[in-house]
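Going line by line, the protein sequences match chains A and B. The numbering used here numbers the first residue of the first sequence as 1 and each following residue consecutively. The numbering used here numbers the first residue of the second sequence as 353 and each following residue consecutively.
Quick caveat, the hints were computed from the structure, so don't treat them as lab data. C-beta atoms are modelled at their ideal positions from N, C-alpha and C, and glycine is treated no differently. The reader is advised that the hints may include incorrect statements.
Covered, in the sense of this in silico footprint (three residues per stretch, anywhere, with C-beta under 8 Å from a C-beta of chain B), are these stretches of chain A [what the hints assert, rightly or not]:
#1 69 to 78
#2 187 to 201
What follows is a list of derived Cβ distance ranges for each label pair [said to hold, decoys possible]:
#3 L413/B x A101/A: 34 to 40 Å
#4 V332/A x G484/B: 35 to 41 Å
#5 L546/B x A101/A: 37 to 43 Å
#6 V332/A x D522/B: 41 to 47 Å
#7 I188/A x Q437/B: 37 to 43 Å
#8 S408/B x G324/A: 29 to 35 Å
#9 V332/A x Q476/B: 46 to 52 Å
#10 A415/B x V112/A: 28 to 34 Å
#11 A98/A x N390/B: 48 to 54 Å
#12 V119/A x S408/B: 25 to 31 Å
#13 G143/A x G484/B: 55 to 61 Å
#14 V112/A x G484/B: 53 to 59 Å
#15 G484/B x V119/A: 29 to 35 Å
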Amino acid sequence: MTVSLRSALGFAAIAAAAFYALVVVPQGGDLTTMINGSIYASYAILALSLALIWGYGGVLSFGQAAFFGLAGYVYAVAGLNLGDTALAALIAVASAAAFAALLGYFMFWGRVSDVYLGVITLTVSLILYRFINQTAGEEWTIGAAPLGGFNGIPSTPIMTALGKPDETLMPEQIYALSVGALVVCYLICRLVIATRFGRAVVAIRENPVRAELLGYDTRFYKLGIFTLGGAIAGVGGVAFANSVFVSPTMFNLQTNGQVIIWVIVGGLGTLAGPVIGCFAMLSLSTWLGSLDGGGWTDPNLVMGVVLTFCVVALRKGLLPTALGLGERLFAVARERMGAPKLGEPRAAEDRP
Amino acid sequence: MSILAVSNLAAGYGAIGVLRDVGFDIAQGEILGILGHNGMGKSTLLKALSGAILPSAGAILFAGADIAQEPPHRRARRGLGYVPQGRQIFPGLTVRENMAFAARASGAPLVIVDEMIARFPRLQPIVDRAGGVLSGGEQQILALARCLCAKPSLILLDEPTEGIQPSIRDEIVETLLTLRRELGLSILLVEQNLKFMTDLADRVLHMEKGRLAFAAPPEAAA
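The following block holds chain A by itself, in its conformation from the complex (with noise of 0.2 Å):
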């Protein structure tokens, strides 16, 4: 299969999994699929955010909820005192992108190795945690938004339709919102590793020394893709506020574990690939939890028995798994049909 036929194929199944989310979903969707269908979307979001920045940059990021909680708290901390929830999404996924910045300054620019930078996001995320978790106070209360500690803040506004402030959206209208948030997101990574700077970021994840030999400042493009991949996750922060309300499990340790193992049983190096691990993970662990007569085993232990069956047996993840399998079964198909296979000469007769 060719590399355009393959992505135009790419682009046609994107296209498709949109349509059927955006419009075949909500006909016969009830109030809980919506609700659902938020959540999943918004930790979409975060699995696409470190998608790009662990799989194409090289960055593993244990901490990467950081953001996505960081925007949550701080959309519903405007939302509830300016009032305008367009603005207030604005200046959350703002902050978390400049956390990122902040944050990967002194980790790119401190040379901090691979290892230690996980260490270190993921310290930074439970730290958050911790702090969120003992503002349950008054004296924790931020104009009029109390952060309400290990409560989360239930007050948390839903976003408004442009220009009417009064006029809160449906939940099926947050569920459309954040299907395409995030397939804009996604459209935004494929558009930026398509660009100069993205095969940059890619070429020094390969070989970081020798880009840097070259001319690359690493440091910029490692700081540059961090830094989008935190305001990815903040969009994402700010579709879960919407979803449910923000709280600080945002943050913490099982969050940021959950996130990788999306990327890592979806497929690292796609973007596709962690989205899908989302969904199928997510939708897995709901329909254990709802079995009848449940309590014979525990989601989170059937979760592990995957995550463990994926690294052992499907090492590259289910999406380049499954388009391996296509790849092959195109190539016998072709085989059959009598065409020669892809790269053989064509005989002289067959040329035009």
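Starting from the structure of chain A, add chain B where the hints point.
Chain B in isolation, oriented as in the chain A frame:
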């Protein structure tokens, strides 16, 4: 006029010192060879000059500026090219992309990629092939062509003939001599292949245990 002047250079890996009190210079358009047995510090010298490791003492004057404590990317942008041992091409990028990647870093116009492909005919039929599937000789030529795409005024070559066939070796010699003649390119060459060294170098320094022991004309070194 010297394009590179090194004095009292010391460098190593952590607490392990490798280079001690190294000093030499290279004139504009000169090809200087460094000979020495394995483990004597030849590759470490090139790494210290390129910035892959930072020297612990000494000065490196490149085109008049002391670059001893500058990061590698800044040295590269000043016109210091480095072709390391093992080539280190980007396996996922095509031949053309590998070269364009270097050209963009230096701000050189992309037309230089085509110019370099024209200078290395062996690259012409494989420009769209991924770097990872090339033979060792093709990778070596690509590594050299990629370095030249950044328009360096001095290139550091670390054992370029390692594991390549004689015809490619001769092709590299021919191209480097042409580039020196046409562009005034200077070259610092670390090599164990005496034939390659004598064909190319104007002057040879001998390295022993991290120090430059003596200088000799290439014929005497052979």
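| Enumerated hints in conflict with the structure, sorted upward | Violated hints (numbers, rising): 1, 4, 5, 8, 9 and 14; every other hint is consistent with the structure.
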